[in-house]
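Enquirer: Go ahead and model the full structure; you've got the sequences and the hints to work with.
Protein chains: 2
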Amino acid sequence: MRRFVIVGHKVDTSGDFKLDDLAGSTGRLDILLRCINSAFFLSHGIRKDVEVYLILQGEPNPPVTVRISGEEIRYLNPDERSTGALIRNALLKVEGDEIRSSPGIYVSKQSFADVISDLASKSEIVYLKEDGEDLRHKQFDDDVTFVLSDHQDLTPEEEAILLKHMPSIVNLGPLSYHADHCIIIMNVDLDRKM
Amino acid sequence: MRRFVIVGHKVDTSGDFKLDDLAGSTGRLDILLRCINSAFFLSHGIRKDVEVYLILQGEPNPPVTVRISGEEIRYLNPDERSTGALIRNALLKVEGDEIRSSPGIYVSKQSFADVISDLASKSEIVYLKEDGEDLRHKQFDDDVTFVLSDHQDLTPEEEAILLKHMPSIVNLGPLSYHADHCIIIMNVDLDRKM
Chain A
3 MRRFVIVGHK VDTSGDFKLD DLAGSTGRLD ILLRCINSAF FLSHGIRKDV EVYLILQGEP
63 NPPVTVRISG EEIRYLNPDE RSTGALIRNA LLKVEGDEIR SSPGIYVSKQ SFADVISDLA
123 SKSEIVYLKE DGEDLRHKQF DDDVTFVLSD HQDLTPEEEA ILLKHMPSIV NLGPLSYHAD
183 HCIIIMNVDL DRKM
Chain B
3 MRRFVIVGHK VDTSGDFKLD DLAGSTGRLD ILLRCINSAF FLSHGIRKDV EVYLILQGEP
63 NPPVTVRISG EEIRYLNPDE RSTGALIRNA LLKVEGDEIR SSPGIYVSKQ SFADVISDLA
123 SKSEIVYLKE DGEDLRHKQF DDDVTFVLSD HQDLTPEEEA ILLKHMPSIV NLGPLSYHAD
183 HCIIIMNVDL DRKM
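Which chain is which? The protein sequence lines are A and B, in order. Numbering of the first sequence is given in my numbering, commencing with residue 3 and proceeding in unit increments. Numbering of the second sequence is given in my numbering, commencing with residue 3 and proceeding in unit increments.
Be careful, since some hints might not be right.
Heads up, the list lumps identical chains together, so a pair's fine if it works in one copy or across two of them.
Claimed, not checked - Below, in silico cross-link-like pairs of lysine-lysine (DSS-like), each with a Cα-Cα straight-line distance of 30 angstroms or less:
1) 111 - 195
2) 111 - 20
3) 140 - 12
4) 195 - 131
5) 124 - 140
6) 131 - 50
7) 195 - 124
8) 195 - 140
9) 131 - 12
10) 124 - 95
11) 124 - 50
12) 20 - 124
13) 95 - 195
14) 12 - 95
15) 12 - 124
16) 111 - 131
Please keep in mind that the hints were generated in silico from the structure rather than gathered at the bench.
Expert: Written out as structure tokens, the structure is:
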């Protein structure tokens, strides 16, 4: 299983936002929507061996975790707006423990620490840093989790939580890339190593 | 210079469409908007050494070519909707010869054959095919043009035009990827070879 955890530091957790202004009024949910596209879409289908966790840290109700299963997902299209509608629906249903919002989309009040702790018990954790090992020279476990952030870096607190679990440190290339582009780079590299 | 030519076979050339339904009512302009994101965005800026050509083949006014210069572009944001507005504005201004629609965005009635013929005179042309040479083993000229298609393959006529110019044939990886994802793969590979 490939897993991608993406932290949205300011993403609105109310679900009370307009699909017409995903980039302006949602705390940059648009970035995470592009990450979902990158994680799941192949030319002729959906990657069933992928799972995405969005950790939403914005007001008024943080944290919220949205988990998306490639094995179970339905009604996923590549465009930002339709995926925005699926995530908004999930936000409107959040309670505490994980519940299903729609096929393949689950929502809970899990924190970043909860999610990383759970995944570290069953998956290699990978942290992307410029001084890490070159992705192309790195072999990964069959169950691997990549941790990414939106347009802001992980906070010192989030980084401390992550480092506690002794992640692999990996570098993707000579420049610094958007989170959704990073996911493409990792997916294609893993495709070559399968 | 890196150039990406992307053919949108059904993209509406009237400019008369709604930004609220880019995936449903535009002949899949949404695909090309994601290609623009992939071509230009770095974490901390725009790739100035990139140029994108969108060849729009849909009704009612085909062909239309939109050229986007990374050196000159302004007002470009990563989300689909705002880029959709820039392209719509260009479509509303098309005449015959190339004119500037907004900073860095140019529109003309050039055809696929016109664009490829012009670029082949100054740039290595690359055609992506599953039986091509592995991208990672290929060295490219400093001025290189990658030709891609939207969710439909190039037509036999388009492929014949392309092959007439003796393109390099390149394979990106073991699976088949969306056009916007292909652009990420190529950009990052070129970054490593710079």
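Enquirer: Each hint: holds or not?
Expert: Hint-by-hint comparison with the structure:
Within a single copy, residue 111 and residue 195 get their C-alpha atoms no closer than 35 angstroms, and across copies no closer than 44 angstroms, so neither meets the 30 angstroms cut-off. Taking identical chains as interchangeable, the C-alpha atoms of residue 111 and residue 20 lie at most 30 angstroms apart only when both belong to the same chain, with a minimum of 23 angstroms there against 36 angstroms between chains. Taking identical chains as interchangeable, the C-alpha atoms of residue 140 and residue 12 are never at most 30 angstroms apart, the minima being 32 angstroms within one chain and 42 angstroms between chains. Proximity of residue 195 to residue 131 under the C-alpha cut-off of 30 angstroms is found in both arrangements, the shortest distances being 21 angstroms within a copy and 20 angstroms between copies.
In this homomeric assembly, residue 124 and residue 140 come within 30 angstroms of each other (Cα to Cα) only inside a single copy, at 19 angstroms, whereas the closest approach across copies is 38 angstroms. Taking the closest pair of Cα atoms, residue 131 and residue 50 come within 30 angstroms of each other both inside a single copy (27 angstroms) and across two copies (24 angstroms). For the homomeric pair residue 195 and residue 124, the shortest alpha-carbon distance inside one copy (20 angstroms) is at most 30 angstroms, but the shortest distance between copies (36 angstroms) is not. In this assembly of identical chains, residue 195 and residue 140 lie within 30 angstroms of each other by CA distance both inside one copy and across copies; the values are 10 angstroms within and 19 angstroms between.
In this homomeric assembly, residue 131 and residue 12 come within 30 angstroms of each other (Cα to Cα) only inside a single copy, at 22 angstroms, whereas the closest approach across copies is 41 angstroms. Proximity of residue 124 and residue 95 under a CA criterion of 30 angstroms is satisfied intra-copy only: 28 angstroms inside one chain copy versus 56 angstroms between copies. With identical chains, the CA atoms of residue 124 and residue 50 are at most 30 angstroms apart within one copy only, with a shortest distance of 18 angstroms there and 42 angstroms across copies. Taking the shortest alpha-carbon separations for residue 20 and residue 124, neither the intra-copy value of 37 angstroms nor the inter-copy value of 46 angstroms comes in at or below 30 angstroms.
Proximity of residue 95 and residue 195 under a CA criterion of 30 angstroms is satisfied in neither setting, with 39 angstroms inside one chain copy and 47 angstroms between copies. Only within a single protomer do residue 12 and residue 95 lie at most 30 angstroms apart by alpha-carbon distance; the minimum there is 19 angstroms, versus 38 angstroms between protomers. Proximity of residue 12 and residue 124 under a CA criterion of 30 angstroms is satisfied intra-copy only: 29 angstroms inside one chain copy versus 46 angstroms between copies. Taking identical chains as interchangeable, the C-alpha atoms of residue 111 and residue 131 lie at most 30 angstroms apart only when both belong to the same chain, with a minimum of 28 angstroms there against 45 angstroms between chains.
Figure legend: structure checked against the earlier numbered hints; hints not met, in rising order: 1, 3, 12, 13.
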